[in-house]
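Chains as they are written, first to last, in numbering that gives the first Met the number 0: chain A, 0 to 358; chain B, 0 to 358; chain C, 0 to 326; chain D, 0 to 326.
Treat the hints with care, as some may be off.
[Unchecked claim] Once the Cα atoms are required to be at most 25 angstroms apart in a straight line, the calculated SDA-like pairs of lysine to any residue come out as:
no., chain 1, residue 1, chain 2, residue 2
1, C, Lys276, C, Glu9
2, C, Lys303, C, Glu25
3, A, Lys41, C, Gln34
4, B, Lys41, D, Glu33
5, C, Lys165, D, Asp193
6, C, Lys165, D, Pro190
These are calculated hints, taken from the structure and not from any lab test.
In case you want the letters, here they are:
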Amino acid sequence: MPAEAPAARQLKFNEALHEALDLALAADERVYLLGLGVPDPKGIFGTTSGLVDRFGSHRVLDMPTAENGMTGIAIGSALVGMRPVMVHQRIDFATLAIEQIVNQAAKWRYAFGGEHSVPIVIRLIVGRGWGQGPQHSQSLQSWFAHIPGLKVVMPVTPYDAKGLMLAAIEDDDPVIFIEHRWLHQLHGVVPEGHYVTPIGPVRRLREGADVTIAATSYMAVEALRAADVLARGGVEADVLAVTTLRPLDASGIIDSVRSTGRLVVADTSWRSSGFGAELVARVSEEAHGALRAAPRRLGTVETPVPTTPALAQFSYPRVPDLVRAVAEVVETDAEPLLALLDPPPHHLDVPDSTFTGPF
Amino acid sequence: MPAEAPAARQLKFNEALHEALDLALAADERVYLLGLGVPDPKGIFGTTSGLVDRFGSHRVLDMPTAENGMTGIAIGSALVGMRPVMVHQRIDFATLAIEQIVNQAAKWRYAFGGEHSVPIVIRLIVGRGWGQGPQHSQSLQSWFAHIPGLKVVMPVTPYDAKGLMLAAIEDDDPVIFIEHRWLHQLHGVVPEGHYVTPIGPVRRLREGADVTIAATSYMAVEALRAADVLARGGVEADVLAVTTLRPLDASGIIDSVRSTGRLVVADTSWRSSGFGAELVARVSEEAHGALRAAPRRLGTVETPVPTTPALAQFSYPRVPDLVRAVAEVVETDAEPLLALLDPPPHHLDVPDSTFTGPF
Amino acid sequence: MTAIAVSAVEAKTMYRDMLRIRLVEERIADLYSEQEMRCPVHLCIGQEATAVGVCAALEPNDYAFGSHRSHGHYLAKGGDLGRFMAELYGKATGCCRGKGGSMHLIDVSVGFLGAVPIVGSTLPIAVGAAFGGTFTNAPRVTAVFFGEGATEEGVFQESLVFAALKNLPVVFVCENNLYSVYSSLAVRQPPDRDIPAVAVANGVAAARGDGNDVEAVYELARDAVATARGGGGPTLIQLDTYRWREHCGPFYDNDLGYRTPEEFEEWRTRCPVETFKARLLDRGDLQVDALTSLTAEIEAEIDKAVRFAKESPFPEPDELYADVYAG
Amino acid sequence: MTAIAVSAVEAKTMYRDMLRIRLVEERIADLYSEQEMRCPVHLCIGQEATAVGVCAALEPNDYAFGSHRSHGHYLAKGGDLGRFMAELYGKATGCCRGKGGSMHLIDVSVGFLGAVPIVGSTLPIAVGAAFGGTFTNAPRVTAVFFGEGATEEGVFQESLVFAALKNLPVVFVCENNLYSVYSSLAVRQPPDRDIPAVAVANGVAAARGDGNDVEAVYELARDAVATARGGGGPTLIQLDTYRWREHCGPFYDNDLGYRTPEEFEEWRTRCPVETFKARLLDRGDLQVDALTSLTAEIEAEIDKAVRFAKESPFPEPDELYADVYAG
Ligand SMILES: Cc1ncc(C[n+]2csc(CCOP(=O)(O)OP(=O)(O)O)c2C)c(N)n1
Ligand SMILES: Cc1ncc(C[n+]2csc(CCOP(=O)(O)OP(=O)(O)O)c2C)c(N)n1
Ligand SMILES: [Mg+2]
Ligand SMILES: [Mg+2]
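For reference, chain A alone in the conformation it holds in the complex (with noise of 0.2 angstroms):
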């Protein structure tokens, strides 16, 4: 991680990706973006508005509802020397496009014995609250940290936003991007110009000797106001998020794991089969000897994300969730740490009371 500018300049996650885009697109002529909306005037939350402006509706484009069929044409003009940006506005939409993604992006270049690679990044935005429903709250990205050939990112930071689209990008590699909704939002340090954040390590978020707390996406944020509350009542989390999922480079976690003996998983999915297992798994069978007590794992409530509020906010797991998973696996008694949180807000399907709807 390169040293921070002294005055620090502060960016939302949206203006960050939307500056690694910029970057990219001037810097590089072979880059182009791809996808609904892409040109139109709410820029995709912000993260590519005007840009159209200045790179011109040859490189930053819409295209036709087809997103199979896009992916594939994406992938064909990889495969002659472009580097497409492609983005999905919910990853459930891009279940339409699994095919070329996972049978032609993640294996194009082992089939052919290494003929081409197929540079493409393909953005997909989890959504969530304000009712997306069962339809458009999907985070799926245990699928593709699955397939060999493909790499997986999701980062937490804008620093990370920004440093790793410009890394997925360069990358030689077909690249899924993965960014959730509520982070969009979020402000953090940005570094003017050009910088990468290497795929690969995880990235420890706060440091404590008590509990290792590896989250992904979103409930890293989740994960860092929990450990807020923890040190308050004298547990440190060494707060860790999982910002490439694969290749997975799990030693941060295991190092982790082998000095503070205890494991909490929080992921932005189901936990059955989810990617939360294979961190678990991944401890366990390299530091199973570390464990000094059960790793515990949180995700989404085992069913499809209801559309009313009422219900929708018990489907993901929330500060209290992860200090009871926390208090758990250090043996301690949870109530003492729930009574040093704040009462939670009136609403929980937004991320703050600026997010007045509709998506």
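Chain A is fixed; fit chains B, C and D with the ligands onto it per the hints.
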């Protein structure tokens, strides 16, 4: 499991499936079969042969090469009371149908507050060997096992092929029924007439006190072979076939691990973010204290499966790999156990010597 | 095509149904800022004629399927208004018990079998419902509503081909409102693409009409439904129309600049509700003095539905776990 | 369409190329039972004219993509025969270093950018290669070969629409051999489906011709290629033809009964290689006494390729891990 018939009748796995389909078609006029080649002369590896003559082409149907649309069509027919049994000759082709399977079939009942269920069976066949190559050999059970609303089964024995098929057809929910191409020719006892294997519990294939081997699909066959050798070396393996992957009833595995203290998991797919991770994670969470050694996970090598047998032979875990893994978890020397192995067959890209290609 | 044969009563009903949809949508728009309907809404203001004209041609036990923009389809098919409103408010009394929201609507009792927000996905499901019907003795007609954007999905062709192959009683209703979100047809489809011709080339009969003229819609639909019911197979009808409000949400969005004020104004003068009202008044099928009470009646019905929705309880927490599986 | 203008030299080359493909495929059939080519093979015997006629119209640095049945396409585009044979034998010297087998063929040096066995999947990839070309100053023509079965996949329409939308230099080559595996067109497509009309309705020009007449194919392809190269956009050509051997594997499969002996015999009399030979002899473009040496020359080339394949080493075990990622 009902008592076996006294003069135990043997059938092949594909014959057992055929019998189940035949019985279901005869018993319930809402059942129909759908898929590329279902009524053709090869009859989906013999599993549907001749059924068109008995039940007519309106109930034993071919279809256009349009996997996504045809899945939607099957779903729509289920909404109005039919019970389609769809088949894709390779799981890889079903990647085109993920949208309908995962967004629609899996969520219809929930999203609409229980108004309708979607009683559909989707058979997916896993290819292996004889140059199936990168796009005809995937085994994506972990994807489906991740999705609430789906049930996922992978029978191992002919007995369960029939019993689980009948259970799946009679089930009111969408069931993903995954068949391994290398199981189709294996024999086993299959009672005549109607019976079901309940969706849920793991199936104990062999009892043993020293180590738990939990395996899916064809890997359970390899596990039995390994267990034979291990027994000759004095290591008794408890071999459990995980035939229902979702909803996962891990109690059988956990009970076994509580008594053996050792776990080896073997799955037909890649390890990373695979179904094996779920098994290890579940045991680790629920029986951490019982585990006397780090668990081990076997799966296919983390590459697409190459076509040439010269390389594909190394893609899959085999008996020696299982023996080595068991030796590790029971903390014994592998060499004496490996010495007990028969020499491997000359060709490792076919299930047995009767298999002469091309598919 | 036979001559228009809509009785005064039928015409008045169609007018009423359109007005009702309009007023419901406007009420939603008014109430949305209260932030109690916490789900995305895709209003169909400006497009009422398509839903009403098509559903008028269907029998009550015929089937219909919708998409993300299906308030009108649901209501025109006879879906319960109270349960609809309650669904938007996320209540236990909603048509999906709160689990679906605006983007998942269903009323099985009137044959409205479902609307879902993945573009194009009800196309094959509708064809499948029609196909399922062929196994019984009582095949019904199935209509499926979708936007012109949905015709870009490959599953559109897949659905056409199978419907034609099996000669199924399906009416494909393509509402061409020129936009997919903020994207004009020009950036999505080649200028010479002709959706009815795509249908015909794939084996499905097709026609095109003015989607803002409810009688024209009715006529096309009636013929298509008659063909389907008579064993003549599927038909696609393309209905040209226009969405007035923003793609998703309660407001106008002409300030965004993705469409011109002229275009918008032109379509607004072609308001399906107002133009039909004028025609009916002209014909004498409707009397001016009946209008106030008609509106009042509908507003009262909407008041009641909103009250029902607001007063209904939220689902109990353990409902979260219900209905993932049937068993 | 302009008159046929194939010189005697060109004609002889096309004949030679067809004969070469035929003899290669027959050799594979002969050798397959040795069980050393351990991968599925989909032979194109009977369909040689489509590959040769189209590729004759392409420049060497134009692009082509194929499918599961692409031995002919690869060879007609100029793909290396030795590396092809070695690929079927799973050898390190194969065009995919053994990792692809018969169903994955590539020879980038002659613009054959790839064939894959998922039906329809190279359609959009080919369109994408053409699209990628528009970013540079040297756009090339891209041809993509696919069966009539592939036109049932939704991605077919998606590919047409984008090619038309961006006016891309693509030639869609649909080889209609009447069957998909053992399934006749009748169980897959409605009788009045018209594939060229589907293309046209989606904005792509189209034509149809005799896929067993290499000159007819050449002519259609030449016009399509010229249109594409001249900025006139994409064309689909449907070529009617017939597969002689089993869907997958070396044998005949008429015993299975999924097609009639009469149909088979009729198509066999329309052998693309034999009929063209007769025509050339007739015209005097080819001399009878040249035939034996032509065949001998090709057989010698094939002998050499087979020898190369058989003698080549298998890839080293650690090749298993190579090329999953570029970096
Ligand atoms: C498969 C898929 N892709 C993208 C979207 C995002 N989306 C929601 S509505 C919509 C517009 C579709 O346009 P059209 O079918 O014309 O319907 P309209 O909104 O105009 O009524 C889009 C692209 C989606 N819901 N599903
Ligand atoms: C998506 C997908 N579905 C099914 C298959 C199985 N399959 C392999 S070849 C083939 C036949 C396709 O027919 P067509 O496109 O006409 O090509 P032909 O074999 O006649 O040359 C099928 C269905 C596949 N490979 N991919
Ligand atoms: Mg539209
Ligand atoms: Mg064919």
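Checklist entry - Quick check: which numbered hints come out false for this structure? => result The structure conflicts with no hint, since it agrees with every one listed earlier.
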